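Protein chains in written order, with numbering that gives the first Met the number 0: chain A, 0 to 498; chain B, 0 to 314.
FYI, nobody ran anything at the bench for these hints, they're computed from the structure.
Every value quoted in this text rests on a predicted model; they were computed, and no experiment measured them.
Note that CB positions come from ideal geometry on N, CA and C, so glycine has one too.
Check before you lean on any hint, since a few could be wrong.
[To be verified] A partial selection of chain B residues facing chain A, derived with a Cβ cut-off under 7 Å:
#1 Gly-31
#2 Leu-35
#3 Gly-39
#4 Thr-40
#5 Leu-50
#6 Gly-83
#7 Asp-92
#8 Val-151
#9 Ser-155
#10 His-229
#11 Asn-233
#12 Pro-237
#13 Arg-276
#14 Leu-294
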Amino acid sequence: MRKLGLLAVAMVAAGTATGFAGAAHAQQRDTLALGLGLEPPHLDPTAGAAAAIDEVTYRNVFEGLTRIDEKGSVQPGLAESWEVSPDGLTYTFRLRDGVTFHDGTTFDSADVKFAYDRARGPDSVNAQKGYFAAIDTIETPDPRTVVVRLSRPDGLFLFNMGSGDASIVAPESAAGNGQNPVGTGPFRFGRWVPGDRVVLTANPDYREPGLPHLREVTFRFIADPAAQLNAVRSGDLDAFPIFGATESVALLEGDPQFQVVAGTTEGETILAFNHSRPPFDDVRVRRAIAHAIDRQEVVDGAMFGYGTPIGSHFAPHREGYVDLTGTYPPDLDAAKALLREAGVPDGFKTTIKLPPPPYARRSGEIIAAQLARVGIEAELIPVEWAQWLEQVFRGGNDFDMTIVAHVEPLDLDIYNRPDYYFNYHGDRYAEVMAELERTVDPAARNELYGQAQRILAEDAASGFLFQLPKVGVRRAGIEGMWDNAPVPANDMTEVRWTE
Amino acid sequence: MLSFLARRLVAAAATLAAATVVVFVVLEVMPGDPALLMLGTEARPDTLAALREQMGLDRPAPVRYLAWVSGLLTGDLGRSMTYGVPVAELVADRLAITVPLAGLAILASTALALPLGLYAASRRGRPGDFGVMAFSQLGVAVPNFWLGILLVLVFSIGLGWLPAGGFPGWQAGIGPALAALVLPAVSLALTEAAILARVARSAVLETLGEDYVRTARAKGLSNRAVLWGHVLRNALIPIVTLVGLQFAFLMAGTVVIENVFYLPGLGRLLFQAITQRDLIVVKDVTILLAAMVVLVSFAVDLLYAVIDPRPKAGS
């Protein structure tokens, strides 16, 4: 027992040291530690799809010509203003003056041309190369002007140029951005302890006086939900913007030390069908499934009540949203009647492939139970992301149904892609999409978005479930953080402690 | 003795060579395209091709195998596909956590288990023995990750003495770094100690029945002198074997505890690399772990010779 006693003494000694460190941290209040569930593979937003890259670097380190704000609207970024020609083909950007990269080099129109040419060039490894596909030429008449000509109108061009994938990088530093990111934002890269944390420090030369408020921001990577909860409760972390331990949120909600924030994301969570496989090519079967699904039950059971039910593939917080959740209300008799009509009165056996996120695994269990009520016996097959990408998403089409959140903003066009994994096609839908591509006027676009949503809902193109919520926790007294996630980001520019 | 060593070395090398083939083949068969995983659902075919070429995935499998093995032989572990940094650097960073963690755990577990085992054996059938055995039963039954969560609740959230997890890096100073390792090491140590204490007890009991122990007692030696001087040394073989096995197990087996305490150790690196399909890291780390297991069992073999210097039959 003497050994145990010694151990306890050692633990007390070690504990006192860290206890003091914690107190010092609390007094200064110009630093903040944030938790992320996944570590970014590298820190170059122009060379990877991992959301974690943007969750660290978006606007903090890297900026684009435009930027997306918390509501998902396009705001001026490195371009202070722009003009679009009436035909929607020519964009003239006026760049901000006096902007420098973190390594001291000056930002001008040549950097914009370099960044865009790199992203659309033959050696590009940009995950969203498609954003640049409409660009025909880029001209730089003077250091503060960029003229981009498109070969076809692109209604989303300004939005897409505000994504992390369209960040402006400098020719001097682009190659090293993965390990040592050099941007124009309010924070500079400090250090990276692989597997543990990335530290950003305030950029003293940032163009906006008084910003950022924080001296230092630390991003720490904690995958395990129980560990996330412990890190927040013990004070190791000040905030966890996308909190994995949803089941424990109630514990923090009652505690005045914490704020729990339920925001929205761009993630339409759907039960996707493989339209090329019977019986999912039969609209009656898809409608039967739609009637069999009780969305609220899924939200309550799988998401602990967080998440807004959706009736089509469109985010409820966006302009142009139409509430279509009543198209096929939960109705077991209607579902059974439709199955009889489709010639499968006793239901059928099928599978649902489930990628790793808890929203998918938990929703799958509830949906399988709901489908069983109308005789559809769905076997649940959990898969890793790598398998999901290969078996479900890419050419192989080795799936019946899957549950996944589609997080790209305004991605209605995926139902119109010939080789997309659902294998869905609708003539009327294709017409609406073509019209949408030609339309720049916001009101007219919203009207077309509405039409597209109705077609998908009536056709039961997918089993539309819910808009993926962003449930975050943070200490009381933190101000200026985003509640919503229109793009993956933790914009820390205006974040501060109020107490 | 020398030929014993030589045979051992040849066996170790053959084991490792076989391991490289198995690891490579398994990863070839495993589904999942690293480039697709990296670039995600919106990636275009030409972008994927560009990245695959950058990663060297466009070369045929035998060429990649030979390049990898010859790299290993010359000490070049290659470059991580996801992180883009040399694997040797990544692994060195992770070893700087996992080796001290496993070392601390083994040290604590041995320091706890040996006296307990000896004590229980010397009190066979009496209340002290039952007490130790009950503790050991409990230790074997309690999963280390659960114990870890419990320790965090008490010492981090409740008392605020120790961090709930993470690792500040050795550059932050030895105090904070060790503080970060205390709870994970204790979680690991208690389970291992419980097993080790049982093995120590039965090994000692077996030795206590030997003739030379009776002789020693007959010479009038005290109980303590018999135990520490004669019994322990002869009971050490199974104990050393188990400690060796436990250390090798801990090198890779700390992954669950590393998740609970979000420590960036070797186990978590391997786990992340598998889900990310960072094939080169998976291959290198697996071989490294295999090499360590081989090395530990080699060292244990050597220790046998030290503990029991009588010449081996056939040498």
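Each hint, compared with the structure:
1. Gly-31: The hint holds - Gly-31 of chain B has a Cβ within 7 Å of chain A, the shortest such distance being about 3 Å.
2. Leu-35: Holds, about 5 Å.
3. Gly-39: holds, 3 Å
4. Thr-40: holds, 6 Å
5. Leu-50: Interface hint status for Leu-50 of chain B: holds (5 Å vs cutoff 7 Å).
6. Gly-83: holds, 5 Å
7. Asp-92: Because about 6 Å separates Asp-92 of chain B from the closest Cβ in chain A, which is inside the 7 Å limit, the hint holds.
8. Val-151: Nearest chain A Cβ about 5 Å off; hint holds.
9. Ser-155: Because about 4 Å separates Ser-155 of chain B from the closest Cβ in chain A, which is inside the 7 Å limit, the hint holds.
10. His-229: violated, 24 Å
11. Asn-233: Status violated, d = 24 Å.
12. Pro-237: Constraint on Pro-237 of chain B not satisfied, violated at 22 Å.
13. Arg-276: holds, 5 Å
14. Leu-294: violated, 24 Å
Violation of the numbered hints given earlier is confined to hints 10, 11, 12 and 14; the remaining hints are satisfied by the structure.
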